[in-house]
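Undergrad: As a plain string of letters, each chain reads:
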Amino acid sequence: MSAPVVPPADAAGAPDPARRSPRAITRARRRASAARFWAQFRRNRSGMTGLAVLAVFALAAVFAPVFFDRSSLDVTQATGLPFEPPSWEFPLGTDDVGRSVLALVVWGARISLVVGLAATVISMVIGTTIGIASGHYRGWFGGALDRLTDWFLVIPFLPLAIVLATVLGRSLLNIIIVIGVTSWPGTARLIRAQTLTVESRPYLERSRALGASNTHQMTRHVLPNVMPLVLANTTLAVSISILSETTLSFLGLGDPTTVSWGSILEQAFSSGAISQGAWWYLGAPGVCVVLVVLAFNLMGRAIEDILDPREA
Amino acid sequence: MRTTRLLALAAAAALTVGLGATGTAVASGSPSPAPAAAEPVVFTVGMLGDIDSANPFTGIAAESYEIFQLEYPTLTEYASSDFSIVPGLAESWEESADKTTWTYKIRSGVTWSDGTPLTAKDVEYTFNRVLNGEYEQTNYGSYVENIAKVEATDDTTVVFTVSKPSPIMEKLYVYILPQHIWKDIDEKAVTSYKNEGTPKEPTVGGGAFVMVERKVGQYIRMQANDNYYGGRPAVDEIVYRIYKNEDALGQALKAGEIDFAEGLNANVAKSLEGVEGITTVSAVYSGFDEIAFNVGAALDDGTAIGDGNPLLEDVKLRQALQWAVDRQALVDKVLGGGGSAGSTVIPPIYADLHLEPANAFGYDPEKAKALLDDAGYAEGPDGVRVDSEGNELRFRLFSRSDSPTSQKSSEFVKSYFEAVGVAIDLKVVSEDALIEIVGQGNFDMFEWGWVVEPDPNYQLSTFTCANRSYKDGEDIYANLSDSFYCDEEYDSLFEKQSVETDSAARAEIVKQMQQKLYDDSPYLVTFYYDNYEAYRSDRFTGFVPQPDPDGALLFQYGTWSYESIKPVVKAEQGETGAPAASESGVNWPVIIGIGALVVVAGLVGALLARGRNKDIDSDDRE
Amino acid sequence: MSVLPDIATVPVREHPRTGTWSSPTLRYVVGRVLSAFGTLVFVVLFNFFLFRVMPGDPISLYTRGRAMDQDQLRALRSQLNAPLGQQLLEYLTNPFAGGVDSIRFNEPVWEVISPRVPATLLLVGTATVIATLVGVWLGIRSGWNRGGRFDKVSTSTTLVLYSMPEFWFGMIILIVFSVQLGWFPVGGLSTPGTDLGTPAGWLDVAWHLVLPVTTLAVIYFAEYSLIMRASILEERSQEYVQTARAKGLMDSVVRRRHAVPNALLPTMTLVFLNLGFVIGGAITIEYVFSIDGLGSLTVVALQGPDVPLLQALFLLFSAAVIVANLVADLLYGWFDPRVRT
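Here the protein sequences line up with chains A, B and C, keeping their order.
Here this note's numbering is used: the first residue of the first sequence is 46, the next is one more, and so on.
Here this note's numbering is used: the first residue of the second sequence is 90, the next is one more, and so on.
Here this note's numbering is used: the first residue of the third sequence is 17, the next is one more, and so on.
In case anyone wonders, no lab produced these hints; they're calculated from the structure.
Check the hints yourself; a few may be wrong.
To be verified - Pairs of lysine to aspartate or glutamate, EDC-like flavour, derived with a Cα cap of 16 Å:
id	chain 1	residue 1	chain 2	residue 2
1	B	Lys-405	B	Asp-609
2	B	Lys-655	B	Asp-627
3	B	Lys-304	C	Glu-127
4	B	Lys-516	A	Asp-300
5	B	Lys-260	B	Asp-171
6	B	Lys-304	B	Glu-285
7	B	Lys-283	C	Glu-123
8	B	Lys-283	C	Glu-127
9	B	Lys-194	B	Glu-259
10	B	Lys-605	B	Glu-445
11	B	Lys-289	B	Glu-302
12	B	Lys-194	B	Glu-184
Note that the structure is predicted; figures quoted are calculated from it, not measured.
Work out the full structure, taking the sequences as your base and the hints as a guide.
TA: Here you go:
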């Protein structure tokens, strides 16, 4: 696996590998390393288990309308009695107004996953940008960004998120923004360290000497090299985002008009599910959160193992 | 069955306390119960909110009023049986024939808890303090509006001179304060005066109990007043313990940490039903919830304000919406059955005043649709109705983040309205924020409720033109009106009832006003909710419901229960504090269910994590 | 949940240097203190501007639902309409809400906050101590016998615990141990009327603390044990440990005398760095267990929102974490002279 293997498909366009354009070479190399990565990932049992669990939830979320009509979320059309324990009709029991908890959990998966992923994208974009820039620029600018990261790193996450959510108001978009802008500093810190390593490599020195612009250096040389780390970190960050969404919704800061796992938990808590002993109502969304978070964690660690960017 | 037993018991108790409170002949010399000699009888009440202040000029929370009425007497009281007026500190009272003065006869030989005589002078002092004090009027201003002069002509007589006749004059719910204590607290000091008793220095009061300790956010302790004119209560001490949520409250009762749980929700109350030693009460209550419509926000001078959707000014639209909501379903699903379908703004708990409209709006979505069609709101392309100019029937409905009930019933109402082609944008805001929004008229509909006093004046005043928002300088301030209803006929009826001192004649006017509001529909009254209470019937007995027979046992207008409850004396009652609930309370299916949940989670987790050890080690090797 | 970012924040070990004690140490300490102070200033400024950009009339934010007479209102208005610089100056002299009362409690914010500090300290403190002890013990045991049965079980368990929302775990143990079995009280910190100065009073508090502390501790010991395990593994492979073992020292002696003390350092640092997350956990845990501390207060404050109170709480939490971080840095420097360069 040590020598770069050129896939035949690419060779078709240019018979002589040596004369292919640099871009094509890069593309080929990337594709090869992706294939290599997948081959390794497939052998990682825990990573694959995580992926499988995740696939189940993703399918459930995508096909939620197929399994349960939207009207199963309508309180006035609830068919069950309040707090019915699990039965054949309601495999996960009913909630406080008689809706099927299974339907709620399946529909809730949509919001929870979407918020988790979208918030992570925001967090990754901010974190990677600031991380690379603070590592690349050596002067006051890099220092200032580094300081900023330090500061945000210290501010306790949940209080900050609460304050931001209060300022912005309750909506789906806002909760995504809140989680996104509060969880980037960890990533930025990690990316910065990696950037510093990459920057000391000879080819970057060469590129600098050849007069490449800052943007060119950062996007063409640094970014591709920190990408694997970003990927591993993203997977782990999604799990944090999902937990954050659950917590904020539980505190009543989520979008009141949508159903997410966190908002189901809030509803259960405020409607007295604890006193009622309605373990299915509290348990189902919680178990979903644990499974999905665990799945992302396992996948993240598996990716980390394979790429092991710290060896670089 | 449980209820019938309770009813019999409560009825008997009501009878005895009725005598105790009104008849002075009842012996009050040796009230101390037999077992109290060695150990004080402590009655512990769990509630969900703390008092906001122990100063009767400052506190406005329901919990605060509960404390005030225990500490301080009032001239008259509301009977436990039916809210009729009965003697309190005053033995009798009389309106003069020319309707210009009221003469109150005060009980003689009454003393404050510190032994100082309690006389008509204290009454005079208290009312003058309210009359002359700006700050003091915040809580009691409505009682003294028509009072021109207060004078104690001797130790047992107080004469009130009134500027115009008013039915409120026999319901002066102003707490009589000891002059010898409060004269030292001037108009400046009173604003920050805490009035919290300590074990060494209890508050000085004339009611059944005085405060001996308060720990903010945690508990309040009250001690029986030996000098209470109604006779020293059988309970030596009341402890109010503050809980953060209904679950904790219910569990504390189960565990025996408290003897009484006030303000439970339906689900918690249900979970307590059938538990050995606990009796739950779904008490009819004086509160209602409504969907309020913005019928045309304007200032008290008629200047339009706010951004309410003008379509709601159409009474036909509002009436159609009244038919669209299944109120009984709301009672069943949102309240868990603890309440009744709503109609008018004076709840049925006040049987003499409540009007049950003959032309009641039922649940009939087809009729609602037909009415909307007739009113010219045809169905638009996407199912949302439009008026003749093509404006969509799309409204904002605000619900309160502070109340799960509000959010849930709003969700129901949204669904009902949309079923007849009226689109709703649900918005959830805090109550504080909603006050602001409503005051400025920036809404279409909102969900909230009122707790109605035995005297209907205040509730009815919330629909008068004069009580719409007002402007002071550049700022608009909210007043009592939250639907901005304004109707000349209604206003004149309001004036009429406010000077009618004959209660039967007044009730007639009040009913006419309810009918008017019902037809004009500024409110869609969703339900009258019950107040869930539960208590350790294995420890205390003798509660008095208000009204009889299915009213609240505590947090009443009056202190009837506190004065009559007694500890249950059991022969074998060895350990009082030990919670006996656990043995019978264990719900094995739940334990097994959770066990299964844990096992599943654990198994899946272990499975997922099995390959991990190797991976972690490779992490660590770096 | 937070392993990766947290590790990243642990000061990077630089090349060891055996220099003079005084001047680098002093420079290190002063540098750290200054940096902490800088962070604090940033938080204060951030706090100030964040609430100034809130949509809506600031007056209405501060006066919501409160009866204020015209004089008070005018005073507040002039305060809020003053030039930003002047407002900032006033805020800096009194960062706890600039002297504005809490909306909900109608009292100066500090008077609302201060009586609730002990409850939170007790909860977070006890949980941290227990989580550390258990985490370290687990980490040592599984790290020293890597790949053993104990290691396998404890590592899988910690990974699962680690993926749980704290409050959910709290609700589940509440439903089992308080509601169904009735072994523990359902909420609060003490039974009212108990004299907290007596042993019986302490016992009562301890009784109330069992479930909330367990919840918090369980979530965090998982993390600490992973770190401890990792550093034990690292120490184990170090030369001096190998030498000590080769010399024929007993395994347990090597572990206790050599490996553990060195491996403790990163874990202890993490414990302090993690305080911010523990505080976050305390917010939901106090809410679930009805403990009247700063966490429950935060939940109350966000419902209004009671802006002055929320602002002050945010500042307080941040300040606590900044101080804890400083302590962690200094401790690290104290125990590991290599970082004091």
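Undergrad: Has the given pair, Lys-405(B) with Asp-609(B), been kept, meaning a C-alpha gap of at most 16 Å?
TA: Holds, at roughly 9 Å.
Undergrad: If you draw a straight line from the CA of Lys-283(B) to the CA of Glu-123(C), is it 16 Å or shorter?
TA: Cα-Cα ~12 Å, so holds.
Undergrad: Decide if the proposed pair is consistent with the structure: Lys-289(B) and Glu-302(B), CA atoms, cutoff 16 Å inclusive.
TA: 9 Å, holds
Undergrad: Going straight from one Cα to the other, do Lys-655(B) and Asp-627(B) come out at no more than 16 Å?
TA: Holds - the C-alpha atoms of Asp-627(B) and Lys-655(B) are around 11 Å apart, at most 16 Å.
Undergrad: Does the structure keep Lys-605(B) and Glu-445(B) at a Cα separation of 16 Å or less?
TA: Given pair Lys-605(B), Glu-445(B) holds - Cα atoms ~12 Å apart, limit 16 Å.
Undergrad: Taking only the CA atoms, is the gap from Lys-194(B) to Glu-184(B) under or equal to 16 Å?
TA: Distance ~12 Å between Lys-194(B) and Glu-184(B) Cα, so the pair holds.
Undergrad: Is it true that the CA of Lys-283(B) sits at most 16 Å from the CA of Glu-127(C)?
TA: Given that 16 Å is the threshold and the Cα spacing comes to 14 Å, the pair holds.
Undergrad: Going straight from one Cα to the other, do Lys-516(B) and Asp-300(A) come out at no more than 16 Å?
TA: 10 Å, holds
Undergrad: Given the proposed pairing of Lys-260(B) with Asp-171(B), does the C-alpha separation stay at or below 16 Å?
TA: 14 Å, holds
Undergrad: Given the proposed pairing of Lys-304(B) with Glu-285(B), does the C-alpha separation stay at or below 16 Å?
TA: The given pair, whose Cα atoms are some 10 Å apart, holds under the 16 Å limit.
Undergrad: Below or equal to 16 Å on CA atoms is what counts here, so check Lys-304(B) against Glu-127(C).
TA: 14 Å, holds
Undergrad: Taken at face value, is the distance from the CA of Glu-259(B) to the CA of Lys-194(B) at most 16 Å?
TA: 12 Å, holds
No hint from the list above goes unmet by this structure.
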